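Chain B: place on chain A using the hints.
Going down the list, the protein sequences come from chains A and B.
Per the UniProt record's numbering, the first sequence runs over residues 1 to 228.
Per the UniProt record's numbering, the second sequence runs over residues 1 to 228.
No lab work stands behind these hints: they were computed from the structure.
Honestly, I wouldn't trust all of these hints.
Which copy is meant is left open, so a pair is good if it fits within one copy or across any two.
To be verified - Straight-line distance between alpha carbons at most 20 Å, and here's what the computed SDA-like set of lysine to any residue pairs gives: (1) Lys-155 <-> Thr-176; (2) Lys-156 <-> Asp-55; (3) Lys-188 <-> Asp-100; (4) Lys-2 <-> Asp-96; (5) Lys-188 <-> Pro-148; (6) Lys-69 <-> Gly-46; (7) Lys-220 <-> Glu-157; (8) Lys-188 <-> Glu-87; (9) Lys-220 <-> Thr-84; (10) Lys-43 <-> Val-222; (11) Lys-26 <-> Arg-101; (12) Lys-210 <-> Tyr-189; (13) Lys-188 <-> Asn-201; (14) Lys-171 <-> Ser-187; (15) Lys-20 <-> Ser-202; (16) Lys-183 <-> Trp-83; (17) Lys-26 <-> Lys-206; (18) Lys-95 <-> Tyr-185.
Keep in mind it's a predicted model, so treat the numbers as computed, not measured.
Residue strings, one per chain:
There are 2 protein chains.
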Amino acid sequence: MKAYALLGGPTDLWPKDIKKQLLTAKQNDELIFGVDRGALFLKELGITPDVAIGDFDSLQAKDLALIEKSVKDIRYSNPVKDWTDSELMLQTVFKDYQADRLTILGATGGRIDHFLINLLMLLNPSINQFAQKVELLDQQNSIEFFNPGMYVIKKKEEYSYIGFALLSATKDFNITGARYDLKHYSSKYPRVFSSNEFLPNSDHFKISFKQGMIAALYSKDVDRFHNL
Amino acid sequence: MKAYALLGGPTDLWPKDIKKQLLTAKQNDELIFGVDRGALFLKELGITPDVAIGDFDSLQAKDLALIEKSVKDIRYSNPVKDWTDSELMLQTVFKDYQADRLTILGATGGRIDHFLINLLMLLNPSINQFAQKVELLDQQNSIEFFNPGMYVIKKKEEYSYIGFALLSATKDFNITGARYDLKHYSSKYPRVFSSNEFLPNSDHFKISFKQGMIAALYSKDVDRFHNL
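So that you can see chain A by itself, here it is in the shape it has in the complex:
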């Protein structure tokens, strides 16, 4: 079953059609998770999450009461903890609810420590097994995660650019059949290869690597507020 999780990141970076996406998911009985302030955002969108997760310490009492009154499964996390709320959410989505795909919204922008936790959490060995089921999605980026192996990277029409972030030490990374191919690249530290492209008349290319974790970064330009 497909699942969605809304985190507490800035709402102005949400995909434009987030409400429609989530309402459609709800109608299809897909799972919806709210993490911390994300649970409140869901209520404000008119959607009661199936599960709310967090310490909720940034919420006002009346807002927390609204969540506690309507959400059937609430997981309270400890503010001083080994697991971040995002990691606890992944455990719940995949271990308890057995979802087979997860789209995470509200995970980017704002405080950089929060974003980096969301970007890097799948390196944690205890949840690393779920990496390839997870997508981070915002207004102009879609991020997918890969453990070592060989993969076909497919074009997504709405995104103009494709890059790769080597999130940890990497062995023997290869890109084959793209605009810029790469052969047997290894690195002891993280590195980003940005602005690759699909070949004309091709909707895919291949990547492979033997050690590490790699994020595929699909992105597009958007018209943003520009006021100097």
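Same frame as chain A, but now just chain B:
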């Protein structure tokens, strides 16, 4: 000498007082670098950069002409290249212009591949020596970089939170004298420790580590556009 570099990231994430900061810098004869679209943004702010760097391929001809007519030192980069524009900028700032501090603006938000290049570029061994002279600054985050050693982390009044991102494999990371101390932490992959605090009546604590690169993440909450 102090230097500033403005990159092409979203303008709505700039520090609120960016124009004042840069005009003051200009008056004090500090160095100002514009990277790609950032060079045009500077012109739009009424500031002619000392140096413009980039392939400028996203600029219209008239905008590039404006830059070429007024900027004395222009470094054209090759779109297909080993060095990103940001890396080329660091080389120019520290090797050619011998700056002793650099604040990078316009480096966050927007395309995540662009942000990650800016966050991770100092891991590159050929520019790693400059890490401790660099700050990334936006509306709600200040990021500083550390190579192995022992450091005093000082409170910055405007930021409520302090976290640390271990950007690569790390050996023997210690936090001493903070709200949440840490002893002899090692990791083979990147990891984030967020939401630490300074002790009451203390404006500093210590960190040390023996291998890796660590970013100090100062952050604060801001009122953002919120329209559901």
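These are the hints, each one checked on the structure:
no.	hint	result
1	Lys-155 <-> Thr-176	within (14 Å within a copy, 48 Å between copies)
2	Lys-156 <-> Asp-55	neither (36 Å within a copy, 26 Å between copies)
3	Lys-188 <-> Asp-100	neither (32 Å within a copy, 28 Å between copies)
4	Lys-2 <-> Asp-96	within (14 Å within a copy, 53 Å between copies)
5	Lys-188 <-> Pro-148	both (15 Å within a copy, 16 Å between copies)
6	Lys-69 <-> Gly-46	within (15 Å within a copy, 54 Å between copies)
7	Lys-220 <-> Glu-157	within (10 Å within a copy, 36 Å between copies)
8	Lys-188 <-> Glu-87	between (25 Å within a copy, 19 Å between copies)
9	Lys-220 <-> Thr-84	between (29 Å within a copy, 19 Å between copies)
10	Lys-43 <-> Val-222	neither (27 Å within a copy, 22 Å between copies)
11	Lys-26 <-> Arg-101	within (15 Å within a copy, 51 Å between copies)
12	Lys-210 <-> Tyr-189	both (15 Å within a copy, 15 Å between copies)
13	Lys-188 <-> Asn-201	neither (35 Å within a copy, 40 Å between copies)
14	Lys-171 <-> Ser-187	both (7 Å within a copy, 18 Å between copies)
15	Lys-20 <-> Ser-202	neither (31 Å within a copy, 48 Å between copies)
16	Lys-183 <-> Trp-83	between (37 Å within a copy, 18 Å between copies)
17	Lys-26 <-> Lys-206	neither (34 Å within a copy, 48 Å between copies)
18	Lys-95 <-> Tyr-185	neither (34 Å within a copy, 28 Å between copies)
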